[in-house]
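**Q** Sequence:
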Amino acid sequence: DGEMLGTPDPELAATMGFSGFGKKARTFDLEAMFEQTRRTAVERSRKVLEAREREKEDQTEKEFKIPFTDPSAIASSATRAGSTLTEREAVCRESEDNSNEALSGPSMQSQRSVKGPAEDSDDDDDDEEEEEFIGPPLPPGFKDSDDDNDNDDTEEEDNNPVKKIPDSHEITLQHGTKTVSALGLDPSGARLITGGYDYDVKFWDFAGMDASLQAFRSLQPCECHQIKSLQYSSTGDVILVVSGNSQAKVLDRDGFPVMECIKGDQYIVDMTNTKGHTAMLNSGCWHPKIKEEFLTCSNDGTVRTWDVNNEKKHKSVFKPRSVQGKRVIPTTCTYSRDGRLIAAGCQDGSIQIWDRNMSVHTKFHCRQAHASGTDTSCLTFSYDGTVLASRGGDDTLKIWDIRQFKMPLNSADGLPSFFPMTDCCFSPDDKILVTGTSVKKGGGSGRLFFFYRETFQKLYEIEVTDASVVRCLWHPKLNQIMVGTGNGLAKVYYDPVKSQRGAKLCVVKTKRKERQAETLTQDYIITPHALPMFREPRQRSTRKQLEKDRLDPMKSHKPEPPVAGAGRGGRVGTHGVTLSSYIVKNIALDKTDDSNPREAILRHAKEAEENPYWVAPAYAKTQPKTVFAEVEPEDDETDKPEWKKRKI
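Numbering-wise, full-length UniProt numbering puts 583 at position 583 of the sequence shown, and it's gapless, one number per residue.
One or more hints might be untrue.
As the list claims (entries may be wrong) - Ranges of calculated distance between the beta carbons of each label pair, as one might list FRET restraints: (1) R598 - K625: 12 to 22 Å; (2) C224 - Q500: 30 to 40 Å; (3) S445 - L505: 38 to 48 Å.
Since the hints were derived computationally from the structure, they do not count as laboratory data. Heads up, the beta-carbon is just placed ideally off N, CA and C, and yes, glycines get one too.
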């Protein structure tokens with residue numbers, strides 16, 4: 001038994017197939033195996049890359065040397081190429097010999113990541129070079145031709161800013177028939193709002209419109225007051241509406257009211273002590289950073305800041321003053337791009353700028369910025385915040401450095417402006433300044449002028465329409481120009497290549513055809529408490545009902561037009577069939593003068609005497625000769641006493 005439990009006989013074990021029982025189990029060091037595999041893979045990759053580099057060098061030498069060498073050089077280069085191929089075949093054989101080890105190691109991606117970052121970048125560069133050399137060699141100078149063209153185009157655009165103006169295409173939105181005095185685009189550029197002298201505010205959704213270009217909503221938020229300004233907040237969720245009354249309104253994106261500013265007490269002399277404006281508003285705008293704050297200016301001589309969440313009182317009051325310290329009316333106002341400064345253009349021609357947190361004294365001011373007594377219609381800061389542009393009612397456009405506020409940097413004149421809200425704006429790259437001009441009725445076309453900011457050279461002009469150009473807006477995201485005109489149009493200028501979204505979304509959509517059946521059916525009237533015999537069956541599908549009504553000869557019968565003149569076809573004429581209408585009609589047609597009834601009767605005496613029919617035969621025996629009353633002369637009342645005289 002002891003022998004049976006001991007080590008088995010080698011011959012018996014070999015015969016039975018259990019020869020492995022007597023040996024010890026092998027232990028595998030996995031870390032050592034992976035390390036060995038990694039080293040092998042790195043070495044093999046290095047050899048392959050060296051072979052590739054040698055091959056590329058040979059090929060490059062061959063390209064440049066073949067035209068200048070004899071056939072022996074070609075043969076030597078072929079020999080070198082053959083030797084390179086022999087080396088590659090050797091490397092491939094080596095890789096085949098080590099295939100078992102390569103399969104058990106990490107993948108090529110992990111091999112590349114195991115190497116240092118320097119080796120990684122070298123490999124990437126080599127791979128890119130390898131991709132460039134696929135196929136036959138390119139002719140010299142061809143490889144960089146596209147890049148050169150792109151660079152040339154970019155340089156040409158930089159040198160010629162006119163090419164950046166997106167005016168190759170345009171669409172026209174019909175707001176109404178009166179002046180479009182306000183334009184607003186939300187920050188994303190999805191919705192446009194227009195307001196005008198017809199009191200209407202219209203909402204346009206570029207993504208929802210088709211080629212018919214119809215507004216999806218129209219409302220009158222301020223009843224019978226002209227719209228002066230419209231602007232979306234920095235987040236695009238609310239809209240500031242400034243109209244001709246003294247109370248600014250804030251609407252949400254769909255036009256529903258959010259808040260209305262309070263009206264001030266007009267009997268208080270010091271405007272600081274009133275809670276709101278007491279006279280007509282002129283302009284307003286949102287704070288560029290704080291989404292709840294906005295700014296308004298009014299004919300009461302104040303500029304006020306407001307908080308959307310507090311409609312009962314303004315936040316702060318700024319009071320522009322003339323040289324003599326008297327009250328002066330601000331006609332336009334704006335924030336700087338960072339929101340720290342508040343600027344106002346006044347009727348005495350001055351531009352006054354305050355620190356937002358200090359409302360008493362101005363931080364900068366220019367007393368003779370524009371002609372006194374004219375309405376400065378627009379102030380706007382450049383995107384870099386260093387320059388202020390002003391559009392004056394004295395037909396000028398000026399640009400200022402507020403740090404040196406005595407003299408304008410540049411000025412352009414001969415730009416007529418008839419409206420108190422004529423706009424100016426900067427291009428998205430801050431290199432171009434845009435404004436519109438006004439014209440009298442029949443006096444030519446309103447134009448949009450583009451000036452180079454640095455030199456104020458007139459770069460370009462667009463002839464918009466045969467009416468004044470009032471509002472202009474160049475949206476930085478869409479790269480499209482919106483223009484409001486004096487004849488009720490809102491035009492959008494865009495370029496299919498340079499512009500994004502906006503008008504490009506709606507021009508490609510075809511007009512939706514109105515189904516004819518929709519105009520035939522009547523609205524379904526719901527009467528839940530009607531008796532069963534009077535209750536209409538509930539409509540399950542409107543489309544099927546439309547089709548049924550189209551086939552019904554009664555419901556799809558076109559109404560007969562009204563009958564003009566005498567009746568025909570069993571239909572009564574316009575004068576009616578009653579006796580009273582007939583008599584009225586004949587009385588209206590009878591033009592005889594019956595002022596004297598006796599003459600009217602005697603007119604027929606001769607005919608009655610010759611052809612008696614009614615009266616004469618009845619009196620033939622009793623009174624054959626007609627007797628008429630004699631005309632008595634009027635009594636002379638001169639000799640009568642006063643009390644007997646007839647009173648007239």
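**Q** Each hint needs a verdict: does it hold in this structure or not?
**A** Each hint tested on the structure:
no.: 1; hint: R598 - K625: 12 to 22 Å; verdict: 19 Å, holds
no.: 2; hint: C224 - Q500: 30 to 40 Å; verdict: 38 Å, holds
no.: 3; hint: S445 - L505: 38 to 48 Å; verdict: 29 Å, violated
Hint check: a violation occurs at hint 3 only; the rest are consistent with the structure.
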